[in-house]
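A.B. asks: As a plain string of letters, each chain reads:
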Amino acid sequence: MTTIEARGLTKRFGTTVAVEGLTFDIRPGVVTGFLGPNGAGKSTTMRMIVGLDHPTAGSVLLDGRHYRELEQPMREVGALLDARTAGKRTARQHLRWLADAGGLPRGRVGEVLEQVGLAEVAGRRVGGFSLGMAQRLGIATALLGDPATLLLDEPMNGLDPEGIRWIRTLLQGFAAEGRTVVVSSHLMHEMEETAGHVLVIGRGRLIADTSIADFTQAATGSDVHVRSPDAGALRDVLERAGAAVAPGDGGALVVTGLLAPRIGDLAAQHGLRVHELTPRRASLEAAFMELTRDSVDYRPGVAA
Amino acid sequence: MTPFAATLRAEWSKLVSLRSTKILLALTVLLGVGLTALVAWVAGATFDNWDAAGRNEFEPIGTAMIGAILSAILLLVLGVKAATAEYRSGMIRLTLTATPRRRRVLGAKAAVVAALSLVAGLVLTIGMFLVAQAIFASYGMPSASLADGDALRAVIGNGVLAVQFPVMAMALGIVLRSTSGAVLGIFAIIFGPPFLGGLLPAWYGEHVVKYLPGAASDAIAMGHLEGVAEGLSPVIAALVVVAWLAVFLAGAWIVLERRDA
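Going down the list, the protein sequences come from chains A and B.
Read left to right, the first sequence gives residues 1 to 304 (the working numbering).
Read left to right, the second sequence gives residues 1001 to 1261 (the working numbering).
Since the hints were made in silico from the structure, they are not lab data.
All C-beta atoms in this analysis are idealised placements derived from N, C-alpha and C, irrespective of residue type, glycine included.
Please note that the accuracy of each hint is not assured.
[Claimed, not checked] Short derived list, chain B residues pointing at chain A, Cβ under 7 angstroms:
| id | residue |
| --- | --- |
| 1 | 1098 |
| 2 | 1099 |
| 3 | 1107 |
| 4 | 1111 |
| 5 | 1115 |
| 6 | 1142 |
| 7 | 1143 |
[Stated by the list, open to error] For each label pair, taking beta carbons as the anchor points, the in silico distance ranges come out as:
| id | chain 1 | residue 1 | chain 2 | residue 2 | range |
| --- | --- | --- | --- | --- | --- |
| 8 | B | 1178 | A | 14 | 14 to 24 angstroms |
| 9 | B | 1242 | A | 14 | 31 to 41 angstroms |
| 10 | B | 1031 | A | 111 | 40 to 50 angstroms |
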């Protein structure tokens, strides 16, 4: 039952601002998606949560305590920060020293290897692991202490669809047990079915802190795409009926405020021809892109 | 298990599972004893041709320790790698997440490096001594026995003091994070100041050089032997050695605490 509280959390590297004035609470019992484009400051924030990086200003606490003050950190927070693990140790050796470091029983090593599906490759060197296997090993390290809080940076990177489904189930199960679960991603669709709450950051600043339901509702303003040879007359009719009409591509009308069946009915009543009538629902992905568009550092096709 | 014991256990299993650790430890003993054996054999084979003064000055205990020069370099690398291997692989972030009290990590690393160097150092000095004396005796040269107090002091002293440079090297590895940088750095610290002694005024040679880490440990382990330059008294020298270790570990601690991992 851990709440992660960030207050004015700021990190600058020289003159570069990585994270600026982040204030949020991450609560237990729900999977919190930590979203933002690459370079938005997600990893920096997560590194500050576990005390690897020192904030330039502000603080981030776990139930009022700094991570570095925790007596048994691995039992409280399981973190996956960088799955790429070079090394000549086997998966089992790798988890063993971590279990030792955390003061955890070595029996946990076999359990988590089983849990993440790496039991059969436990004796192989981690340096030769594929990205997907390295991700699973990273998740195993996070699970080792059976922690109250899970903090995973881009855990779905490199996983196949089956792996993504597996981790979704795992995370939701953890949250359902009342644990605190934070998962970062730069891809909205990874979060759509995983997270119950989202924090969106761009260029180091907090853009949104909302439930996924509210985010979806706010983000998916739907409109209707209409093509008609009688566009001018149809536009008058729709506007009189209360719709907002904007010009779309190639003379099409983009109608908001009326649903497609009503638009079709109105056209029929006035004897106007309709060649296309397409309800469009903006995807979460599009909404996310829209939300963070101004905060992406580098965009293709834009001269710096 | 106390928290420090847990960290110690983790650092131990990390360091001994590195292949370079096993290779360096084996080479430390083999090359050290090998170099001593070679020098002893050459001395023995040519001893009859030495002039009288040379034969009189021959000192079997100090000569037996010659191989430690090579071994010291190998143990330095072991100390450096105990710190830098983790920076290279990025594993330091896992280490410091598992054990966020960084002083504890540094202390455990120092203890593990010290323990391995101590064992390697003692095996090395005893090995060098026994091999050299056997060769000297077979050529009818003066030789010494471990029952001899002077010999025991040199063997135990050099063995125990083998801990000094690897621990300093580990601390420098934490600060510099690069294997080559830290190896070069510790070489500069060990060999630079004595070398500079030849270029600086005599005052430097007289009053500064004896406080350098290498000269201080030599004063403890070798100061009683004939033909060795007089240095600090063993007690003062021991304090100087401890002070050097403390300075290096304190520096590493300050950097490790303040730096982003």
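A.B. asks: Next, verify each hint and record whether it holds.
C.D. replies: We went through each hint and held it up to the structure:
| no. | hint | verdict |
| --- | --- | --- |
| 1 | 1098 | holds (4 angstroms) |
| 2 | 1099 | holds (5 angstroms) |
| 3 | 1107 | violated (13 angstroms) |
| 4 | 1111 | violated (14 angstroms) |
| 5 | 1115 | violated (16 angstroms) |
| 6 | 1142 | violated (48 angstroms) |
| 7 | 1143 | violated (44 angstroms) |
| 8 | B:1178 - A:14: 14 to 24 angstroms | holds (21 angstroms) |
| 9 | B:1242 - A:14: 31 to 41 angstroms | holds (39 angstroms) |
| 10 | B:1031 - A:111: 40 to 50 angstroms | holds (44 angstroms) |
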